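Residue numbering for the sequence shown follows the working numbering, beginning at 13 and increasing consecutively.
Just so you know, these hints were derived from the structure itself, not from any lab. Model, not experiment: these values are computed from the prediction. We put the beta carbon where it would ideally sit given N, CA and C, even for glycine. A few of these clues could be false.
In the DSSO-like style, the derived pairs of lysine-lysine whose C-alpha atoms are separated by at most 27 Å in a straight line are [stated by the list, open to error]: (1) K194 with K183; (2) K121 with K194; (3) K163 with K183.
Listed next, with one range per pair, are the computed distances between beta-carbon atoms [to be verified]: (4) E252 with H118: 38 to 48 Å; (5) A340 with E252: 44 to 54 Å; (6) C67 with R230: 40 to 50 Å; (7) R406 with N309: 24 to 34 Å.
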Amino acid sequence: MAGVPPEDWQSARTTVVGCNKYMLDNQLHCDVTFRVGRDRTPIKAHSYVLMSRSCVFYDMLTMESADEHRDIEIPDVEPPVFTQLLEFLYCEKTSVDSTNVLSILHCAKKFSVVGLVQKCMECLKQSMKPDRLTVIMESAHSLADEDLRTKCLAKIVLDPLPVFNDDSVSKLCSECLSDIIKYDSLPLLENDVFECLLKYARHKCTVDNVENTPENLRLAVGNAINFIRFPIMSSEYFTETVEPTGLLTTKQSLTLYRYFARNRTGDTAGFETKERTPMLNVGRFKNIGSGWGYKRNKMDAIVFQCSRDILLKGIQVYGTDQGPGQLAINVRLIQESHRANLATKNVILETDGKRKVYNIFFDEARHITKEIKYSIELIVNGPTTFYGVDGKTRVECDAVQFTFSKSDKGTNPTDVERGQVPGMVFQVSSEIA
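Can you make the complete structure from the sequences, with help from the hints?
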């Protein structure tokens with residue numbers, strides 16, 4: 013108890029929340045003590061508040077005798093997290109950020125505090141960076157939040173390499189990993205997909221403190237191995253890189269050797285033979301300059317149209333040219349005829365001052381209809397960047413012709429000849445070709 017309270021502390025607090033907080037902070041007339049975490053830290057509370065806010069606490073405390081002070085063990089939650097849970101129950105607010113959201117979410121789910129679960133989910137949706145996507149996706153999977161899991165999956169499939177190259181990929185279960193690598197539109201070469209899977213397996217073995225034997229590697233990847241498209245690899249890569257790892261069984265390897273020897277006909281041991289849909293980059297400049305500036309929210313814009321229907325995944329922007337920096341970027345995709353806003357993306361882009369071009373992906377790919385004019389509109393706040401020069405009006409990429417023209421909405425000097433928006437990232441799907 014934090015000292016003796018004033019005789020009339022209630023009059024200084026005009027809300028129920030204010031009084032609740034005072035009672036909790038000063039541990040006044042608590043009738044339940046929780047022994048929290050591995051160290052059994054005592055944390056006191058009031059059963060009335062807990063029972064009125066959580067069906068789990070209601071059941072838990074109903075089973076205890078109301079005639080005496082209740083003492084309850086909570087070994088699987090750490091004290092700071094449990095304290096924040098209580099703060100939310102008493103005051104309807106607590107601080108949730110990227111550093112504590114997963115542990116608070118686990119606690120909120122455990123005690124069925126729906127409002128706090130929703131608060132955590134909103135926080136997670138705002139913090140989907142590559143080094144956290146796998147952790148968030150796996151948490152969403154374990155908590156049966158399909159909406160959040162699907163959002164993570166869509167972001168990973170758009171730009172998988174940063175995710176696969178991060179050690180956090182080992183946080184995924186084999187089911188979640190399978191859902192990623194089974195995608196037809198995963199924009200990676202099959203060799204890269206296999207090497208990502210192999211890295212995942214080896215890291216799993218290290219975490220589990222077991223040897224990298226073929227049996228342990230196969231156990232680590234589970235069913236995910238079934239979604240690697242071995243038949244579309246070169247026979248040389250398969251022989252020199254894949255087979256020696258032991259990830260495939262002897263029977264699978266022999267079947268695939270026969271498949272390659274028979275000019276890629278016959279049994280494939282159940283592995284998919286369909287090529288993945290590649291992700292393509294179309295660039296519109298021949299050369300690069302430096303010193304492109306941004307003032308007073310001026311807009312860089314460019315109009316484009318395509319000769320075929322495509323799926324637009326995102327755009328490319330230039331990075332800072334005077335060392336590392338940060339760019340606050342707002343991107344809009346506009347259909348010109350109606351000025352319809354088809355997609356908006358706000359990002360804070362961390363740049364290293366050396367890399368010239370960065371990809372910015374929309375949350376979902378956008379269908380671009382052939383011969384219809386669209387514009388990319390870009391507002392950047394930050395230091396100067398590289399920019400393109402010697403731009404081309406027409407560029408062909410994978411049998412798609414892109415035609416660029418000046419936008420009358422731009423207020424920064426970007427046009428066909430020079431400026432920002434060096435390119436776009438797209439796919440040509442057989443379903444829309």
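A quick look at each hint next to the structure:
Under the criterion of a C-alpha separation no larger than 27 Å, the hint pairing K194 with K183 is consistent with the structure, at around 18 Å. Taking the CA atoms of K121 and K194, the gap is about 30 Å. The hint is violated against a cut of 27 Å. The suggested pairing of K163 with K183 holds, with an alpha-carbon distance near 17 Å, which does not exceed 27 Å. Remark: the range hint 38 to 48 Å for E252 to H118 is upheld by a beta-carbon distance near 44 Å.
With their beta carbons about 46 Å apart, A340 and E252 fall inside the hinted range of 44 to 54 Å. Roughly 43 Å separates the CB atoms of C67 and R230, a value that falls within the hinted 40 to 50 Å. In this structure, R406 and N309 meet the distance hint of 24 to 34 Å, their C-beta atoms being roughly 31 Å apart.
Violated hints amount to a single one, hint 2; each of the other numbered hints is respected by the structure.
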